[in-house]
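> Fit chain B to the given chain A structure using the hints.
There are 2 protein chains.
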Amino acid sequence: MKASNFFISTLKEAPADAEVVSHKLMMRAGMIKRLGAGIYNYMPMGLRVIRKVENIVREEMNRAGAVELLMPVVQPAELWQETGRFDKMGPELLRVKDRHDRDFIIQPTSEEVVTDIARQELRSYKQLPKNFYHIQTKFRDERRPRFGVMRGREFTMKDAYSFDRDKEAAGRSYENMYAAYCKIFDRLGLQYRAVAADTGAIGGDRSHEFQVIADTGEDAIIYCPTSDYAANIELAEAVALLASRAGATAALAKTPTPGKATCADVAELLQLPLAQTVKSLVLATDETDDKGIITKSTVWLLLVRGDHDLNEVKAGKLEGFKGGFRFATVPEIIEHFGTKPGYLGPIGLKKPVKIVADRTVANMADFVCGANEVDFHYTGVNWGRDLPEPDFVADIRNVVAGDPSPDGKGVLAIQRGIEVGHVFYLGTKYSAAMKANFLDEAGKPQPMEMGCYGIGVTRILGAAIEQNHDERGIVWPDAIAPFTVVVCPIGMDRSEEVKTAATKLYEELLALGIDVLLDDRGERPGAMFADWELIGVPHRVVLSDRGLKEGTVEYQGRRDAEATKLAVADVVGHLKGKLKP
Amino acid sequence: MKASNFFISTLKEAPADAEVVSHKLMMRAGMIKRLGAGIYNYMPMGLRVIRKVENIVREEMNRAGAVELLMPVVQPAELWQETGRFDKMGPELLRVKDRHDRDFIIQPTSEEVVTDIARQELRSYKQLPKNFYHIQTKFRDERRPRFGVMRGREFTMKDAYSFDRDKEAAGRSYENMYAAYCKIFDRLGLQYRAVAADTGAIGGDRSHEFQVIADTGEDAIIYCPTSDYAANIELAEAVALLASRAGATAALAKTPTPGKATCADVAELLQLPLAQTVKSLVLATDETDDKGIITKSTVWLLLVRGDHDLNEVKAGKLEGFKGGFRFATVPEIIEHFGTKPGYLGPIGLKKPVKIVADRTVANMADFVCGANEVDFHYTGVNWGRDLPEPDFVADIRNVVAGDPSPDGKGVLAIQRGIEVGHVFYLGTKYSAAMKANFLDEAGKPQPMEMGCYGIGVTRILGAAIEQNHDERGIVWPDAIAPFTVVVCPIGMDRSEEVKTAATKLYEELLALGIDVLLDDRGERPGAMFADWELIGVPHRVVLSDRGLKEGTVEYQGRRDAEATKLAVADVVGHLKGKLKP
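Just so you know, the sequences run in chain order A and B. Every position in the first sequence, counted from 1, becomes a number in my numbering once 9 is added. Every position in the second sequence, counted from 1, becomes a number in my numbering once 9 is added.
Just chain A, same shape as in the assembly:
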């Protein structure tokens, strides 16, 4: 490509509403252009990256035996009513009426449509397994779209759906997709981690997020550097930090802690380690009748160590919490604890509550907790002696860095990540709701076992930049750079020699199948170099009159601190070496 046949538009400053570095750099590099909140034009420079990502995804999906099709953006509501999602999904689902007042939705995902295809097309066990995917425009009406392509409303997603005859076969399809995803992210040239994730109501252990590692990521990734354990923070198991409960050594004492309503403040006041305090969290679960009216509420006290945080996903898995839970109201708290939040604890309750202790809390001795009286805490608290054993002991906290790995093979560390892919075992959730059955060997109808597998194609651009940038701009991995090599002639308009040499090099590289751009815009060197460093092309060759006179050109990798002088005759070979996979 010659720059004169392309469209390059860079900005010195990012617009004020760009909050994160990837958004700023994509705007400045002319990759995207805002059309509305969370809606972007993909400009020529950005579209080249998208196409490269799509091609890698497509090649590996095909290699894994998945079959590409294309499902519509505008989908009839009927199918979404069959699964109940038309009503259940919130305003994220963009609903629209056609000229005949019929309901449609703009697809945020395609489980319903692909299951509709499967129930018509996959009738026999002989046709299974099958995996259909498409790469298509999606729309999710986010309440607060932001971060450019990281949380847009309109975006491109690859979504695949596998259909299998039983759980075991579904497991193989899942593993197959997991392996394909690893190949995809390897080829994209990104540092990533596949982390176990929560499966919610589906159950089982077949849910993994593919997270691109970046300090600016929204997600916390838990991993063990000395084993292959990795999970997201919702799922990562927190073991008891105390192997067993020590004996009591202190007496129970009600201690004044005026105005100290947090564990940290109390620990500081009492000059005790924060790890000796216990945090009280009051939750409630409701029972409802057929009409959804609450008939009974139960109040729960959840206890985690003062330096730990409650994990709400784990809490949601407690016996009795399956139907959902909420934080208790102040009247409920006063009714059961006799005081307002800030000084709550498990001793001296006004009305009984169910007590759930985190695994670590259950093994603590001589601990500190609220005294259910404003400005007072108990110290020297011991289970059994000062209060009954907890009703339940469970893992209800977030892990923290330094926790033992649940596989016993080391100590956990935490990284930040950006979720760009997800593989998920769906079971028969959709096939049962939509009666997507196949006939087994005995001619008996069975619901298909499904899995779904998403990759946020446009989001990958943002994630790649969050991971790979410096103060000068983007640093694309070779595989997804808008151009792999840029040839920068200095003074092409003045010097016939520069023009000839640059054009020759450009054509040679092109003939080798290298994705090269010749910058024939005639920009001054400073502006030209700044553009390509901002845009993030990984390999640059500069030709100048002076250099050519001594038979050299300059090569600089985007991450190199300095340029390397090369003999003109060597440059193609040098580049071929650099571009080797």
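In case anyone wonders, no lab produced these hints; they're calculated from the structure. One or more of the hints may lead you astray.
Copies of the same chain look alike in the list, so a pair counts if it works inside one copy or between any two.
[Unchecked claim] Only pairs whose alpha carbons sit at most 25 Å apart, straight line, appear in this in silico BS3-like list of lysine-lysine:
#1 Lys135 / Lys508
#2 Lys176 / Lys106
#3 Lys97 / Lys438
#4 Lys21 / Lys135
#5 Lys585 / Lys42
#6 Lys444 / Lys42
#7 Lys139 / Lys106
#8 Lys42 / Lys349
Quick look at chain B alone, frame taken from chain A:
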């Protein structure tokens, strides 16, 4: 590709709602699957064709210097309000509100968005000309979607938009796109014609439709087999069929024509040629005040020869018709003609009307027309003698086959066609409305001259099939066939020799970059051949035990009546010869 890794699903019968052959065959061949009215899933077999079409379009657009980007499907209404199209467009434009009750549209086309990009990005004459295009999902809420992908609601379109500094440069952009379109349709392997089309209010002569020739096409294409004249029927100029007016030879006579209210019936009754009768069409134009209330209506009588039809597009160009016209109401007709429709004519009017004669009618003598009295016509009518000369003489009729070509180089013929592309000069219609100005050499802002260039990507599938099919199924041109070659082994499961030979051939062809499918499904020969003839793969090689024993395989082109026996060693060479461009 191996069939076992793909998805093949053919039907013996087309669904009842498939009206045209392309729709039937696409459904039977498993290329598309209906999701809703005018909304289709593109199944794997169909998607392969779409991708091939897209690639050819993309390559030629890039070669012509156009730059690809991607504009969103969901677009903010604000831009469409700037041009007035948000209100002016009918229910074809799908409107939607987001969670904040803001108006959006699902794009039917992208003039507004691309003009918004241009007004921000193209600031100087130095940046012009520029041509941006995208290949993207479109939605038009057709009142009556039908014919499968031919008139769907959701479809894929390539739309390009050129921006130029002046009319002359815009003309060059137009010619450039015209030439690119010719290359595209040449490469697609379709018989087509570029026909001049009406430019409406924009004026000028820069509008061409690219029509795929097919007997089943909805459009009439007018062309001259002995010159390069071609136009659609709206535009094709109808010359006067009588060079000059003959002298009167018959007397004016009021003749009873009881119950004969059409020219054809009158001609039959009076035993005169239909070409001696004149048809009366009564139209009306309205003048309105600021509020759109009609303040004055004018009634017009348009006269065409009895065997000719009124061309409403041409009528719309008459002086006084620019603001629109309608057919007159029965009360208006009675008021001016003193009688109801059926026996109307230009003689003996009750109240004056403006009379427009078609060019041919203006030169007729001794003609027949209605007498403005039920059951009576006048015969022997002559201009000047029996009624005043017409107020206007104009081309207001459709041409018919056999008319002289307007370029004087032969006689017109009519073909049917399917419009699959359109190149159109827009002038400053959008740039002026949206203030898309650039600064010229003098630093003065000027509106950009625009052109728009569409290709109906998915519609091309339907058009190609309407043009290329037989009683067995589709006959794809090589360039866009889902697979170029299919290798059909007979009894692959029984015969190791067949399996080895078929796999070897498949791999050899694959290595040559040929898009080949190995049918390893194990279908019986009859079913297998029927599938590939229905699907329309252009080249087939059949391997059987018997053939291989004598060292032969069978080749059959999709259009060949019979198979050709080839030595095993010759088949690759034979295919290479067949596939030569």
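> Need the list of violated hint numbers for this structure, in ascending order.
Numbers 2, 5, 7 and 8, in rising order.
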